[in-house]
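Student: Based on the sequences and whatever the hints tell you, model everything.
These protein sequence lines map, in sequence, to chains A and B.
For the first sequence, the positions run 1 to 238 when this note's numbering is used.
For the second sequence, the positions run 1 to 472 when this note's numbering is used.
Treat the hints loosely; a few may be bogus.
[Said to hold, decoys possible] What the simulated footprint calls covered on chain A by chain B, stretch by stretch (three residues with Cβ under 8 Å from a Cβ of chain B suffice, anywhere in the stretch; the number is not a length):
hint	segment
1	62–68
2	147–160
3	172–178
4	186–199
[What the hints assert, rightly or not] Chain A is faced by these chain B residues, among others (derived, beta-carbon under 7 Å):
hint	residue
5	21
6	22
7	23
8	25
9	138
10	142
11	320
12	324
13	467
Treat the hints as calculated values from the structure; they're not laboratory data.
All residues carry an ideal CB built from backbone N, CA and C; glycine is no exception.
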Amino acid sequence: MWDLVLGDRRINSLRLVARMWNGTRGIHRLGGAVVPEGNQKKERTMLQFLTNHFYDVEALRGYLLQREMSKVHMKNRFRDKEWIRPDKYGHFSPEFWNFQEVPVEAVDASDCEINYEGLDNLRECVLLKELQSLLLQRCPHVDDWCLSRLYPLADSLQELSLAGCPRVSERGLACLHHLQNLRRLDISDLPAVSNPGLTQILVEEMLPNCKVVGVDWAEGLKLGPEEQPQDTASPVLA
Amino acid sequence: VAHTGRTVGRLGEGDWDGKVSEIKKKIKSILPGTSCDLLPDTSHLPPEHSDVVIVGGGVLGLSVAYWLKKLESRRGGIRVLVVERDHTYSQASTGLSVGGICQQFSLPENIQLSLFSASFLRNINEYLAVTNAPPLDLQFNPSGYLLLASEKDAAAMESNVKVQKQEGAKVCLMSPDQLRNKFPWINTEGVALASYGMENEGWFDPWCLLQGLRQKVESMGVFFCQGEVTRFVSSSQRMLTTDDEMVILKRIHEVHVKMDHSLEYQPVECAIVINAAGAWSAQIAALAGIGKGPPGTLQGTKLPVEPRKRDVYVWHCPQGPGLETPLVADTSGAYFRREGLGSNYLGGRSPTEEEEPDPTNLEVDHDFFQEKVWPHLALRVPAFETLKVQTAWAGYYDYNTFDQNGVVGPHPLVVNMYFATGFSGHGLQQAPGVGRAVAEMILQGSFQTIDLSSFLFNRFYLGEKTQENTTM
Numbered sequence: 001m002w003d004l005v006l007g008d009r010r011i012n013s014l015r016l017v018a019r020m021w022n023g024t025r026g027i028h029r030l031g032g033a034v035v036p037e038g039n040q041k042k043e044r045t046m047l048q049f050l051t052n053h054f055y056d057v058e059a060l061r062g063y064l065l066q067r068e069m070s071k072v073h074m075k076n077r078f079r080d081k082e083w084i085r086p087d088k089y090g091h092f093s094p095e096f097w098n099f100q101e102v103p104v105e106a107v108d109a110s111d112c113e114i115n116y117e118g119l120d121n122l123r124e125c126v127l128l129k130e131l132q133s134l135l136l137q138r139c140p141h142v143d144d145w146c147l148s149r150l151y152p153l154a155d156s157l158q159e160l161s162l163a164g165c166p167r168v169s170e171r172g173l174a175c176l177h178h179l180q181n182l183r184r185l186d187i188s189d190l191p192a193v194s195n196p197g198l199t200q201i202l203v204e205e206m207l208p209n210c211k212v213v214g215v216d217w218a219e220g221l222k223l224g225p226e227e228q229p230q231d232t233a234s235p236v237l238a
Numbered sequence: 001v002a003h004t005g006r007t008v009g010r011l012g013e014g015d016w017d018g019k020v021s022e023i024k025k026k027i028k029s030i031l032p033g034t035s036c037d038l039l040p041d042t043s044h045l046p047p048e049h050s051d052v053v054i055v056g057g058g059v060l061g062l063s064v065a066y067w068l069k070k071l072e073s074r075r076g077g078i079r080v081l082v083v084e085r086d087h088t089y090s091q092a093s094t095g096l097s098v099g100g101i102c103q104q105f106s107l108p109e110n111i112q113l114s115l116f117s118a119s120f121l122r123n124i125n126e127y128l129a130v131t132n133a134p135p136l137d138l139q140f141n142p143s144g145y146l147l148l149a150s151e152k153d154a155a156a157m158e159s160n161v162k163v164q165k166q167e168g169a170k171v172c173l174m175s176p177d178q179l180r181n182k183f184p185w186i187n188t189e190g191v192a193l194a195s196y197g198m199e200n201e202g203w204f205d206p207w208c209l210l211q212g213l214r215q216k217v218e219s220m221g222v223f224f225c226q227g228e229v230t231r232f233v234s235s236s237q238r239m240l241t242t243d244d245e246m247v248i249l250k251r252i253h254e255v256h257v258k259m260d261h262s263l264e265y266q267p268v269e270c271a272i273v274i275n276a277a278g279a280w281s282a283q284i285a286a287l288a289g290i291g292k293g294p295p296g297t298l299q300g301t302k303l304p305v306e307p308r309k310r311d312v313y314v315w316h317c318p319q320g321p322g323l324e325t326p327l328v329a330d331t332s333g334a335y336f337r338r339e340g341l342g343s344n345y346l347g348g349r350s351p352t353e354e355e356e357p358d359p360t361n362l363e364v365d366h367d368f369f370q371e372k373v374w375p376h377l378a379l380r381v382p383a384f385e386t387l388k389v390q391t392a393w394a395g396y397y398d399y400n401t402f403d404q405n406g407v408v409g410p411h412p413l414v415v416n417m418y419f420a421t422g423f424s425g426h427g428l429q430q431a432p433g434v435g436r437a438v439a440e441m442i443l444q445g446s447f448q449t450i451d452l453s454s455f456l457f458n459r460f461y462l463g464e465k466t467q468e469n470t471t472m
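Tutor: Right, dumping it as structure tokens:
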């Protein structure tokens with residue numbers, strides 16, 4: 001934490017805190033592109049405002065982002081080697097082909113425009129017989145029909161996230177009962193689900209071994225008359 | 001330019017009806033006392049000429065209208081009129097349907113039709129998009145169908161599933177053990193084998209499809225008329241077959257459309273008539289002279305489609321099967337599915353020939369549920385021993401008494417009447433495919449995508465049944 005002197009201004013409340021590293025999702029936060037939580041939102045908008053107005057701030061943020069990214073690549077290695085990337089022509093090195101037999105364990109297709117036909121590739125592919133984790137958060141084209149295509153992954157899939165998908169409703173969630181090995185299911189923030197609390201209960205009954213995350217049972221329920229908060233000013237009848 | 005479908009003129013201006021009444025008022029004020037017959041109000045009448053007249057505005061009729069307009073090679077090239085006698089659709093099979101779609105048939109044509117319909121429904125907002133209209137929500141439940149087979153039907157089910165898999169349907173066979181594992185609420189007594197549809201099967205809201213089709217078809221320029229077809233005017237021609245036999249071919253030239261509650265009718269000159277009248281198709285066919293001849297001849301072969309009443313019951317069962325429940329079709333012919341999130345279920349059972357109810361009205365037979373449906377349901381799903389019926393309704397099957405499959409394509413003698421009817425309970429799920437097939441037949445002369453030659457009218461005369469052997 002430090003105070004910045006920008007040009008001739010001294011801003012007291014500005015804190016450029018290096019974000020805590022917490023997995024692949026954090027890398028987006030440094031760029032300021034992901035869903036803000038709680039009071040980080042105010043800091044975010046302040047930061048964004050400054051970035052838009054001062055080249056110094058922009059350059060500094062860019063530098064910090066690059067530093068974080070190289071730290072990630074130091075810590076996370078693919079089988080003790082550097083990540084395999086395409087070169088400047090978009091070609092992969094020949095050793096990539098050695099990894100044809102390596103099974104894919106997790107796919108993060110969040111915010112991706114994958115659709116019904118695309119999911120065919122995802123599940124038909126031989127490599128994906130050991131897929132354990134599938135993240136389809138906020139995918140705009142994933143709907144109930146797409147969920148009915150996930151059953152081939154039943155043997156291996158343990159984690160599925162559908163948070164924020166605008167087209168998924170409780171009717172699509174009914175198809176998930178094929179996924180008996182599922183241990184974690186995220187169904188938060190599904191605007192097309194008509195009754196989130198009841199849906200959560202029904203999905204939990206349908207998948208007894210799975211932890212269903214996302215909705216509070218009491219959501220959508222109103223307090224009954226006997227549960228209304230008592231007015232403490234009025235005398236309590238004995 | 002969106003057509004309202006009511007006015008014949010194409011001035012492109014909105015309020016033609018309003019302008020007409022204003023003009024009439026002006027004339028009346030200038031010449032009081034004279035009755036103004038210069039511009040009689042004909043907005044309720046159909047146009048005087050139309051290339052195609054579709055009798056029946058249910059899902060089949062609208063599907064044919066849609067595909068005719070979609071496949072016409074020139075925009076506005078073909079004028080289509082849909083005549084529907086009840087715009088509330090109070091007795092139409094479409095709206096009263098349970099709304100299921102499944103591919104578990106034995107005939108490859110039926111499987112293909114159903115697969116195409118599934119992809120049509122999946123992409124419905126691309127097919128039926130109308131400018132400025134909100135997207136359609138079919139409320140599709142992709143939960144699949146579960147068909148149960150007893151010992152004697154097991155072999156047939158196995159070979160059917162093989163055919164279904166070959167055609168591209170995603171169906172799997174399940175043993176009683178696997179059934180109990182997956183659906184613990186089932187009692188597998190008497191079940192030897194089950195087939196379960198994993199994809200492209202389930203149920204949806206038929207009203208939404210109907211309204212969506214109606215809206216799209218109106219925007220494509222199809223004319224609608226509320227009226228009843230009472231007469232066909234046709235001309236005959238004698239021709240010789242290759243065996244030197246005399247054959248009388250008929251062509252329908254005019255369709256008389258009678259208005260509701262009046263004797264007024266409009267003769268519509270037409271080139272092609274499509275019989276999509278559902279449960280009442282036989283009456284329309286009889287008007288065209290189909291079946292009027294010595295029995296055993298082609299002229300004497302009637303259209304074997306008649307209305308059959310089927311009841312659907314909705315009940316509440318708090319401990320019933322959960323969210324994963326497919327549409328279960330039992331060995332006894334009873335079926336049920338979930339309805340909504342609140343432990344409600346709906347279902348029924350097809351009666352045997354002896355139990356067949358009187359089709360003159362759509363009154364629900366509650367005793368039938370008590371005696372013939374509930375015992376089978378309770379046997380198969382013990383949780384259903386306690387249930388409470390909430391509501392019920394009845395609808396018609398356009399039942400083909402010959403082989404319970406649809407009739408598609410032209411009549412051999414009345415050469416310009418095309419059929420799209422007789423689907424005996426699976427018309428809704430095959431409508432998109434059938435509509436396309438009929439449109440292809442009319443516009444291109446033959447079936448292009450799905451070959452429905454085995455559904456032609458000829459089979460009734462030749463005695464060749466195109467029969468399903470599934471338990472549904």
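Student: Which of the listed hints are broken here?
Tutor: Hints 1, 5, 6, 7, 8, 9, 11 and 13 are the ones this structure does not satisfy, whereas the remaining hints hold.
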